[in-house]
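Novice: Reconstruct the complex from the two isolated chains, following the hints.
Protein chains in written order, with the numbering used here: chain A, 1 to 432; chain B, 1001 to 1435.
Derived from the structure by calculation, the hints contain no laboratory data.
Check before you lean on any hint, since a few could be wrong.
As the list claims (entries may be wrong) - Dumping the calculated PhoX-like pairs for lysine-lysine here, alpha-carbon to alpha-carbon at most 20 Å:
id	chain 1	residue 1	chain 2	residue 2
1	B	K1281	B	K1106
2	B	K1135	A	K128
3	B	K1106	B	K1135
4	A	K145	B	K1106
5	A	K268	A	K3
6	A	K337	A	K377
7	A	K145	B	K1239
8	A	K69	A	K54
9	A	K311	A	K268
As the list claims (entries may be wrong) - Covered stretches of chain B, as calculated for chain A (at least 3 residues, CB under 8 Å):
id	region
10	1139 to 1149
11	1167 to 1177
12	1200 to 1208
13	1291 to 1298
Claimed, not checked - Per label pair, the in silico range of CB-to-CB distance:
id	chain 1	residue 1	chain 2	residue 2	range
14	B	K1075	A	T44	38 to 48 Å
15	B	Q1409	A	G132	50 to 60 Å
16	A	D93	B	G1296	11 to 21 Å
17	B	D1319	A	N95	33 to 43 Å
18	B	R1332	A	A65	20 to 30 Å
Just so you know, these numbers come straight off a predicted model, no measurement behind them.
All residues carry an ideal CB built from backbone N, CA and C; glycine is no exception.
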Amino acid sequence: MRKRVVITGMGVLTPLGASVTDLFTSQIEGRSAVGPITRFDAHTFPTNFASEVKGFDLGKYVRDATRYKNCGLNTQFALAAGRQAIEDAGLLDANVGDRSRMGVYLGSGEGSDEFPALVRGLAHSAPKEGHGPCDTGEFTRVMLKWMDGPREGEQEMYTPAGHLATTFALDGPNQACQTACAASSQAIGEATEMIRWGEADVMVAGGSHSMIHPLGVSGFNRLTALSQRNESPRTASRPFDLNRDGFVIGEGAGLVVLEELEHARARKATIYAEVTGYGTTADAYRMTDPHPEGRGAIRAMADALRDAGLKPTDIGYINAHGTSTQANDSTETAAIKGVFKDYAYKVPISSSKSMLGHLIAAAGVVELVISITALRKGIIPPTINYETPDPVCDLDYVPNTAREVRFHHVLSNSFGFGGQNIALVASRYLEG
Amino acid sequence: MRPNRVTDMATNSRRTVLTGFGVISPIGTGPDAVWQSLHAGTSGVHTITRVNPANLPSQMAGEVRDFSAKSLIDKSYRRTLNAMARTVEFGVIGCQLAMQDAGLAKGMIPAERIGIEFASVMGATDLDDLAPAAKISLLPDESGPNMAAWGGEGLTHVPPLWMLKYLPNMPACHASVIYDIQGPSNTQIPGDTAGGVAMAEAVRILRRGAADVMIVGGSEAKVHPLSLSRFNLFAQFSKHNDDPEGAIRPFDRDRDGTAPGEGTATFILETLESARARNAKIYGEVVAVASGVDRGLTGPGLARVIRNALDMAGLTPSDIDHVNAHGTGTTRGDAFEARGIAEVFGTHVPVFAPLSRFGNLGAGSALMELGCSVLALQHGMLPGTLNHANPDPACPVYVHTGPAKPITQPYAVKLSYTDLGQCTAVVIRKWNDDR
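Here chain B stands alone, though its shape is the one from the complex (with noise of 0.2 Å):
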């Protein structure tokens, strides 16, 4: 193995422990719903109700049912709803949960020593909210606007806030108003990577000292009509529509794509010594996080990015209890994975694909698939992972599948991949009060 060049940030710094999960998701809604959900096996990926799914190639997602942001946001901020757009909301409210679940209120760190990382992207637009102006506008040959008729008559039915309702950094700015949160605050955009990428800068300035709490998040509300057209078109969506909760198949010979989902997974990342100074509860610790690019999706890219992850955390292969996968089931995705586990695990660590129960979240997936296995470590208990009944020999890992089993090491690593090689592997540590 290569010299060490990047421990020094991991022991000579300051630790840094989760202790607020807020989670909105097709499995449920905050942390005992979710593991319940997981441990019982349960999907959340059903037929697309949210829009008429009957023109699209791929008819299934995770929704999140019975979600209403008026009813959980912020009295103060009430007025602010028509601002933002359902990927937003779900930003904003899995904020506020996260906080509530870490006993934080507004004031209670100072202004300047709490900061916010959330994953995010642009929202598509609402239909309603364009629509008049696109009538207004249509060409008689119906090839497109009358550019004229747009920017003249048409822009008067655009509503004044529309593009704020979209941009990706609102979440983050919603919350810090809601929490008056001045220290750092950024967004990350680089897809289903973005919640890993999120998570290591919100580790770097916490160990920096910039911060002592972080808010940390994703959130993503794919199932939309301009969303699903989109992605029918170049994303592998899974044609299973007669069996929505098994066609995600994660490492599954007989994989045919994936599924959206929606909702947000965030998290209180925090000092250790701030979390003991309140004494909090502690979901558990997060050790390091690498990422990189795996140009061409051929593995040893991932592969270098997982081993830089370990050594950041000084940690070997056989520490680790099991790799939480991306797990997207689509074909060549998941053999690239595959790839990247095997080559330095080998093909015995337990791979744990919790993606198949609720779909893609997107900018919201990492770290909702990380709380999987934030929950397993403390729990004790590794769930199986849904529809993996064949293995592929393209997929050369062992899928832990079936009734939930004994977690037997301290540590798991999250593994993200955009499909142009950007990697993320997120090492966590079961919490043990003792050490």
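Next comes chain A alone, as it looks inside the complex (with noise of 0.2 Å):
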């Protein structure tokens, strides 16, 4: 027999706030937190602005932040967010509940490696004249010299997940994905499963994620993925416009707890919302580029609503992926008339990254918790920067003003790099 999941608990940390609360505002007063780099001098890098956590203090969230020190922020963004959350949920006391019973599911990033010592590794090996292979030999003697080994072992990708469940003192499954942009959503849906079939009670899942170091920034300046915008940022991230020239890095995390419906109504917790539907394909197309007619999509959108039990006209509110690439957002387009069709024109649908820029793996729980919190309050935050109608992108995306609609569902897509396209729909709860 499955179970029903519902959300009892939601956490953030994002450019635009560090809490729902401050979130949902700035997202329904459509602030852009996007602005020029600061983290490190990326003045000469083709787009040199991003949407970053300012004024981030650890010590509000644990108890010994010096033990976290070493950690990166993959880590240090989870445990602020999955705080808030288990907070919330009333469970951040380790003696409440079967601990045992309660897991993690994290998608997240990889680790930034000590940059100076990299590029002195690099420039020492390298040969002195012209291009050829690298000194390995020598290579090794400048990292092992340079690098900081317990900052280098807190890099590795299981430490997020791993101290999310030894601080909250969470012992039951522990899992971490990392499907790109898919990832927070994909670990929801799949958190959500081990609930529905009895895995465990509580899933405190999510996704945390930063790439603005000079080694993600320079990666994603190299495949041109980004809007070069550079004379106006806050402008930059502009979905489903005709003049979208690529997607804003952001960073940060959110967490949510899942749980299942009768073990959260027996300790009578708040439930912000019930997980109803979650679709998960691969478009087997290609690396970086969505399927043209967004077969995936189709078909996760379609598996979600199935898993749900709805028709498409059940959905009030659409969160796109929206990551303001050309080629997003006219595939993301299609693949929502392929499965909405007529109602796909009478749908509202918007994207939180013109706002917030796109969180990687983070973006799909943030941009969940902004969609509860819509549904919750009934009122439908904006694509922002929405000037110029593109031809092939003729959707109702919500432009640039926050709308008050009363609904019961909402979707929320996400489509990661790699082909993984997820689905989640979240519905009001509701009693019997």
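Specialist: Structural data, given as structure tokens:
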């Protein structure tokens, strides 16, 4: 017998606010968090702006921040969002409940190697003249001398999910995935399945990611995936607008507490929404480009609706992946039409990324939190920077101004490099 | 024992069997070669040749020699090789070998009914990709880069597809394109437990009916100058440089650390119904997988995960032929793992730790080590653990050593863990056609 799964806690750390309330207020007001990169000197990069988390202090969230001093931002952000979500759910006290039935599923990113040491090692081991293979013996010598061991150890990809579990006494199933921009939505979907089939009562699920470091920004710049509006960072992320020219890198974390319905009712937890639908597919097309007709996206959305037992017209709001790249936004629009047919022109659709930038592995969960808050408050955040309609993106993207609408079900899309497509449906919780 | 709350998943649902095994490892490529090596007791851990090891404190590893992705990659896909790091190459070729071994080709399973779960990590950058940019931008005092130079001229020397070579989800991505795999696709990253949780999720996906066939694999290529430098700084690596084959000593009093390995182990997992319908050869059955956390690596948490897996499988400890341990040869790790095993099984169950033969494959480790028990059950013989000579009172387990001995029970348990206490336990069953 499949069990029902509800959300009983939410926490975020984002460039637009370090709480669900602050984030949602900023989204409704249409504020952009995008500005010049301050984390390092990026002024000569082809794209030199991003959406950064500012004023972050881990000490607000954990008892002893020095314990985590070697950790990367993926871990630190995850702890901040996790603390909020777990406290919100009333599960912060490790003596509450059976902790062996509470797990973690985190979509999180790669660590970042110490860049100055790496450059030093590479420059020393490269041939003095011309091109050729590096001297690996010299490279290891320089790295062993200049790299910081404990810090490097904390860049391993298992660490954020491990620290979340150990810090908040979540001894149950522990998974971490990295499917690029779909990762945290996939984590929520699979964690939901774990609860549905009885493997856990509670899963703290979501994502955490920062790629605003020299190698991350270098990599995206070379892929030419980023907007290059250096002269106007705030208007750079313009999903579905004719003049969109790429996405904006963001960073942050979001965690939700997923809980088996009867478990939540027994302890009288506040229920924010029910996770009713999950669809997961692969494009099997290309490394970075989505399938031009959106075949994987179409099936992910259709599967999520079927999983939720809903018709397309039951959906009152679609939180789009909406990255502001040419390919994503036109493909996503086509895929929405493929699933929703005529109703595609009526359902409000918006992109949180127009204000937040793209939180990569953390994007899906933060957008789900925004979706659920919109569902609860009856107000849909806009797509900002929407100025010039694109003939191939001709749906209702809730341009520039929030809209009051009462609705019962929301669909949130996340699509990743490599062709992973995830769709989640969250519904207003109704007893019975 | 606490009430059994998870068995309905195992009993009421579709059975999941292993029908293909693709393996590239320091002890051989392909299941036959690996089994011969396991049976003969040969080691694949040697002095490192892929990197000049002179400056490394620990100078041995399990290397895959003579690996040529170019000669093995699907012809339609050869031009994409320049966008694959070695760890991705291992993964993609592992998927191909597993599909071939299972008798599967593109199109034989409907695209939306086949999926992939891959255990992976972000690959370490190839030095030559970034060295030109580094040379241009190193500050005169050598403390690091002049960022303006790096972001300006430097960047123009970085290959455009640089980042895509290393992303963790690339093995799954490439395999999905080669085989038109449009079902669920996920990439698991929790280190040495990644293969265990990949298997867990694949079992879940098959049981809930979201696919009929899953590729379940893992790969990593740690024998890399950047990875070796980093791991030598934070991991406990053996210093027995004068005796590479004897360096990793699982649960032994004189153990002093592990050594890295590289390669891939990739399985085809499918529902019994699907395997029978296409008359597939069956290696064994995956009965249950559990994961959980042992905070502080004390032992009871690992024991709880093992008991959960046995509960899910509806088994008791006496049903188990052997425990396949991670057995890394680290001081703290082996003692922790032994405490967890002893708490569930006492000190008599045979413990088999195959890692000492090929090193720690990281994201590839759980499935590589699992493969050794799959082959042992299939052949009815349990090989011995290499390099365990002197028991350690801190490791209260019976380590099976010496020549292979007959399998006496149909089930084995495979353990994995990370140093933050993430643990997995996989229960497999010897395949017996009449059941």
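Novice: For K311/A and K268/A, compute the direct alpha-carbon distance and say whether it is at most 20 Å.
Specialist: violated (31 Å)
Novice: Verify the proposed pairing of K69/A with K54/A, using a straight-line Cα cut of 20 Å.
Specialist: holds (18 Å)
Novice: At least three residues with a C-beta closer than 8 Å to a C-beta of chain A: is that true for the region 1167 to 1177 of chain B?
Specialist: holds (count 9)
Novice: Are the Cα positions of K145/A and K1239/B separated by 20 Å at most?
Specialist: holds (18 Å)
Novice: Quick one, are K145/A and K1106/B close enough, alpha carbons at most 20 Å?
Specialist: With a Cα-Cα distance of about 49 Å, the restraint between K145/A and K1106/B is violated, given a limit of 20 Å.
Novice: Test coverage of the region 1291 to 1298 of chain B by chain A using CB-CB distances below 8 Å; three residues minimum.
Specialist: It holds, with 6 qualifying residues against the three required.
Novice: Go ahead and decide if the range 38 to 48 Å is satisfied by the Cβ distance of K1075/B to T44/A.
Specialist: With Cβ atoms ~42 Å apart, the hint holds.
Novice: For the pair we were handed, K1135/B and K128/A, check the Cα-Cα distance against 20 Å.
Specialist: Answer holds: K1135/B to K128/A is near 9 Å, not above 20 Å.
Novice: Would you say the C-beta atoms of D93/A and G1296/B sit inside 11 to 21 Å of each other?
Specialist: The hinted range 11 to 21 Å holds for D93/A and G1296/B, with Cβ atoms some 19 Å apart.
Novice: Taking the beta carbons of R1332/B and A65/A, is their distance inside 20 to 30 Å?
Specialist: holds (25 Å)
Novice: Under a C-beta cut-off of less than 8 Å, do 3 or more residues of the region 1200 to 1208 of chain B approach chain A closely enough to confirm the stated coverage?
Specialist: holds (count 5)
Novice: Sort out whether K377/A lies within 20 Å of K337/A, counting only the CA atoms.
Specialist: violated (27 Å)
Of the numbered hints listed earlier, those contradicted by the structure are 3, 4, 6, 9.
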